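S.K.: Chains L, V, F and E are the protein sequences, given in the same order. Residue 142 in this note's numbering sits at position 142 of the first sequence, with consecutive numbering throughout. Residue 1067 in this note's numbering sits at position 67 of the second sequence, with consecutive numbering throughout. Residue 2381 in this note's numbering sits at position 381 of the third sequence, with consecutive numbering throughout. Residue 3359 in this note's numbering sits at position 359 of the fourth sequence, with consecutive numbering throughout.
Calculated from the structure, these hints are not laboratory results. In this text, all values refer to a predicted model and were calculated from it rather than measured experimentally. Glycine included, every Cβ here is placed at the ideal spot set by N, Cα and C. It is possible that some hints are incorrect.
[To be verified] Cβ pair distances, simulated, as ranges:
1) E:Arg-3128 / L:Ser-47: 39 to 49 Å
2) F:Asn-2075 / E:Asp-3284: 53 to 63 Å
3) F:Val-2186 / V:Leu-1145: 37 to 47 Å
4) E:Asn-3075 / F:Ser-2391: 30 to 40 Å
5) V:Glu-1004 / E:Ala-3065: 20 to 30 Å
6) F:Asp-2006 / E:Glu-3398: 30 to 40 Å
7) E:Asn-3075 / L:Arg-93: 37 to 47 Å
8) V:Glu-1004 / E:Asn-3075: 46 to 56 Å
9) L:Ser-97 / F:Pro-2138: 38 to 48 Å
10) E:Asn-3075 / F:His-2255: 34 to 44 Å
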Amino acid sequence: MALEDLYREVILDHYRNPRNRGRLPDPDATAEGMNPLCGDEIRIDLSFEDGKVAAVAVEGQGCSISQASASMMSEAIKGKTREEITELIARFRGMMSLEGGVDPGLDPDRPGAALGDMEALQGVRQYPVRIKCASLGWTVLQDALNF
Amino acid sequence: MALEDLYREVILDHYRNPRNRGRLPDPDATAEGMNPLCGDEIRIDLSFEDGKVAAVAVEGQGCSISQASASMMSEAIKGKTREEITELIARFRGMMSLEGGVDPGLDPDRPGAALGDMEALQGVRQYPVRIKCASLGWTVLQDALNF
Amino acid sequence: MNGFPDLRADFPILETGVHFLDSGASSQKPVPVLEAMDRFARTSYANVHRGAYKLSVAATEAYEAARQRVARFLNADPDEVIFTRGATTSLNMVAFGWGMQHLGPGDRILTTVMEHHANLVPWQMVARRTGATLDHVPITADGRFDLDAYREKLDERVKVVAFTGMSNALGTIPVTPLIASLAHEVDARVVVDGAQLVPHRGVDVKTLGADFLAFSSHKMLGPTGIGVLWGRMDALEEMEPFEGGGEMIADVTLHDATWAPIPHRFEAGTPSIIEAVGLHAAIDYLDSIGMDRIFAHDRHLTAIALERLADVPGVRIHGPRDLEDRGGVISITMDGTHAHDLATILDEHGVAVRAGHHCAKPLMRELGVAATARVSFYVYNTEEDIDALVSGLRKAGELFGVG
Amino acid sequence: MNGFPDLRADFPILETGVHFLDSGASSQKPVPVLEAMDRFARTSYANVHRGAYKLSVAATEAYEAARQRVARFLNADPDEVIFTRGATTSLNMVAFGWGMQHLGPGDRILTTVMEHHANLVPWQMVARRTGATLDHVPITADGRFDLDAYREKLDERVKVVAFTGMSNALGTIPVTPLIASLAHEVDARVVVDGAQLVPHRGVDVKTLGADFLAFSSHKMLGPTGIGVLWGRMDALEEMEPFEGGGEMIADVTLHDATWAPIPHRFEAGTPSIIEAVGLHAAIDYLDSIGMDRIFAHDRHLTAIALERLADVPGVRIHGPRDLEDRGGVISITMDGTHAHDLATILDEHGVAVRAGHHCAKPLMRELGVAATARVSFYVYNTEEDIDALVSGLRKAGELFGVG
Ligand SMILES: Cc1ncc(COP(=O)(O)O)c(C=O)c1O
Ligand SMILES: Cc1ncc(COP(=O)(O)O)c(C=O)c1O
């Protein structure tokens, strides 16, 4: 059933135990954003070393999808360069905009590849209103990169 | 046909040759009014002697019905007391509010009786929007009496 | 009693099997309402007040008949009924049209912490422009209008008291006549946001105590695009037009204009003509059921729902848990489960509820929640809708490991 | 060519035999528009933007699809399309929302003597409140926008130029791109009242030159209760919300609020949802005919009418007598016969025309008349309507002994 597809165990796990929770004392970049329609909020602090993400902290409140997505994202970007993160954002957006939720299989170039846990968010595509929830953290991340 | 019923010769005559046109130099009572929906205007000056209308003057502009009705009214009230005019106003209103335009015949107590020429305005009843035109002068007359 | 099962056939949307529990946001529309509008548009449509030809006369009569019908529904004078675009516009008309004229530095506007943004944001805007201050009556622990705090806050500087006739988030129904009479003792004007009250309980403006009352057609089985501002004539006379344009003037020169008599003064431009015909039909429909029966029906379902919801593990009810002075609106949260997740899960079970702040963000802060899921009843709901709701909530609890 | 006879069956009201020549006041609505609204209300209705359930998602999509359809019709960006209650509200939103922010003593507002009250009275109100002065571009002897006088009146103190895209009383179509570019040279904002222009000629906002454009659905085959304000994004960003309430906020606290992004910032409260679906269908209908063909059709009928009216004893035509830069609106008077009498007599002949000041009282004074009878054409009109008009006028002339 579709609901189990949306609320996969890994998502519920990230929702209940969000990773990298909190604030950084002296971040190199920070951004926050909210979805005015539902009130979900995310704030991200980043610090870089040698051009790579050395630390990330996330705060926020909202539904399981928005909070789990941000938590997974915080895991995925650790140790990545700005370029790699930009690439990741594009992959994530690609995954979310795929029509119909067709699983693109094992092609390593498929949009969802290399997103790790986050591929669990594919189920969101069947719930168009919730795509904004899944994307919130990523939009804020983009803002932080432009900081 | 209904149109000839509305635009009786006597109405057209009063429209083309309005009676008692103009202003009084020093009226005892005066009032003006307009129909905001169509812009028709009427102003009435009255002077009394021995409690009776000694002179009346009407100014205004608008459609044949509003102007003819005011002209006929100015004829009808000459020499009348306030009480008689109040009675006349009631008769006129009664005539206008009669449903369906049924001619009440020769009953001397019928609402239209004693209205003289003005009985020609009975045709207006078939044109509900035009009743306001026919009534404008009478509404202003009522205001003048309350002056 | 299980509602009005005979009526359900009048709402084709229910044939999809949806358990529609979001009438607080907007109600469905019965076929007689849709047919009245369609028939009017096919046979008698023209602009109103403007033409001397028969079609326009017929349209004007239909429009004015709708005004009379609203007046009869409210026990008001037809001249006191102003057609607007909706409750939001009605409230803005009062806030700006009355407030900008009668408020200044030192004056106070009193509203409550549980207002819909429509009865809060306009007053914030007017306070800022006039220099008046805005203050808020708190709610009690069980989500009711706090009368004691109100009495304390009320003084001679309060010029307007604006509050909801029934909270769209909690279901609370403040005692308007009492609140109004206290306000009138200090000569304040009373503005009641009737967006929820009027559709669900009906009102008699002769006993309500309000000076102004705002509501929307779309929440009372009528079409979108139209609402009402009722005002007592002496209150309306204190109001400046909110919009300028056609139909609302007596005369216009290049530099000046004078206003038409009330109510036309406040209806600039072509009104929502077809929608007025629809609202007329909606009120006929409501009255054919009877507002008392509608309120009793809402109450009956609310009683059952309150009882059954209390049994669902993790569910918390915000607002009154008893039936005193409340309507058929219930806000809930579930521990460890966000309201949007609840709404999605319920939707998968065919249950439509609203999740979010319900345009009452200050109230959400007051309650200490970011969002609630809101259940609201209307004439077409039945106990089966509650069954579906409860089983959906249990499923959500399982999924999120609650309880 | 005699119009689009195939379309007439889509307008049931025409079956009564009425010669409907008052589309300038409001147009009739074709069956596809009525059916689109009815179907939507029966199958997909819910409030928009608020729900996480499928019905609400479907309704939101339908509402936003209507916005996109309007944008495509205007060659605009969807975010620049604001749904309002009608042209009057759109113009008030600009006058108050933009004017109160950007006008002050010493500033000038330039409009024309031929404006509809909707584009005049709001500016009078704003001038009074801000201390700005209001001035009016005159018309030429044949009823056109007087470009020479305009150039003379235009100076650096002019902050806004507001004029009609097509006169509802004379049919005149000012050359908007030229007028706009002159206004932009002095950095004035350009507000075009498109209530008549958009339904009859269509516009491309990329070349029109306007900063704001207002129009109503009900004059373009759509329902009442909805209209549009289009604005260039940089112009919209200069505007304050005209109404406060739900849906238009980003965040609200007890004392403060921040605004949602444009266009939602300007759409407080529940919008005209069913009506948006109707407007969408109306634009589909117009585009399926083609705006060029519609304008050519109006023009064709106007040419015939101008010629035949000139032959009727006593008839005088106000406004341009040729086809240059004019639409299908003709104002007439008949010597010795008041316009209301004309309208009544025509009505008896089955011809619906409007008589009065057409919400343009200053223009009537300019023309030296109290009222005119106005003939206006749209897609469903044919030469037979003109036949009936002319024979009705001749009958009126006989009755009143004209000529
Ligand atoms: C030129 C013009 N402007 C504005 C309006 C006002 O439009 P509405 O009454 O639909 O608000 C009209 C229609 O009456 C018009 O013809
Ligand atoms: C209590 C209350 N006030 C005002 C409103 C605003 O009504 P509308 O959106 O129809 O203008 C609503 C509905 O959302 C409401 O529930």
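S.K.: Taking 30 to 40 Å as the hint, is the beta-carbon distance of Asp-2006 (chain F) and Glu-3398 (chain E) inside that range?
M.R.: Since Asp-2006 (chain F) and Glu-3398 (chain E) have Cβ atoms about 60 Å apart, the given range 30 to 40 Å is violated.
S.K.: The hint says 30 to 40 Å between Asn-3075 (chain E) and Ser-2391 (chain F); measuring C-beta to C-beta, is that right?
M.R.: 51 Å, violated
S.K.: For Arg-3128 (chain E) and Ser-47 (chain L), compare the CB-CB distance with the range 39 to 49 Å and indicate the outcome.
M.R.: Between Arg-3128 (chain E) and Ser-47 (chain L), where Cβ atoms are some 57 Å apart, the hint is violated.
S.K.: Does the Cβ pair Ser-97 (chain L), Pro-2138 (chain F) satisfy 38 to 48 Å?
M.R.: With a Cβ separation near 46 Å, Ser-97 (chain L) and Pro-2138 (chain F) satisfy 38 to 48 Å, so the hint holds.
S.K.: Please check whether Glu-1004 (chain V) and Ala-3065 (chain E) have a Cβ separation lying inside 20 to 30 Å.
M.R.: The hint (20 to 30 Å, Cβ to Cβ) is violated, given that Glu-1004 (chain V) and Ala-3065 (chain E) are roughly 55 Å apart.
S.K.: Could you see if the CB distance from Asn-2075 (chain F) to Asp-3284 (chain E) stays within 53 to 63 Å?
M.R.: 44 Å, violated
S.K.: That 34 to 44 Å hint for Asn-3075 (chain E) and His-2255 (chain F) (C-beta), does it hold up?
M.R.: Given range 34 to 44 Å: holds, Cβ gap about 37 Å.
S.K.: Does the beta carbon distance between Val-2186 (chain F) and Leu-1145 (chain V) stay inside 37 to 47 Å, or does it fall outside?
M.R.: 42 Å, holds
S.K.: Quick check: does the Cβ-Cβ distance between Glu-1004 (chain V) and Asn-3075 (chain E) fall within 46 to 56 Å?
M.R.: Because 54 Å falls inside the window, the suggested range holds.
S.K.: State, for the Cβ atoms of Asn-3075 (chain E) and Arg-93 (chain L), whether the hinted interval 37 to 47 Å holds or is violated.
M.R.: 28 Å, violated
In this structure, the hints that do not hold are numbers 1, 2, 4, 5, 6 and 7, in rising order.
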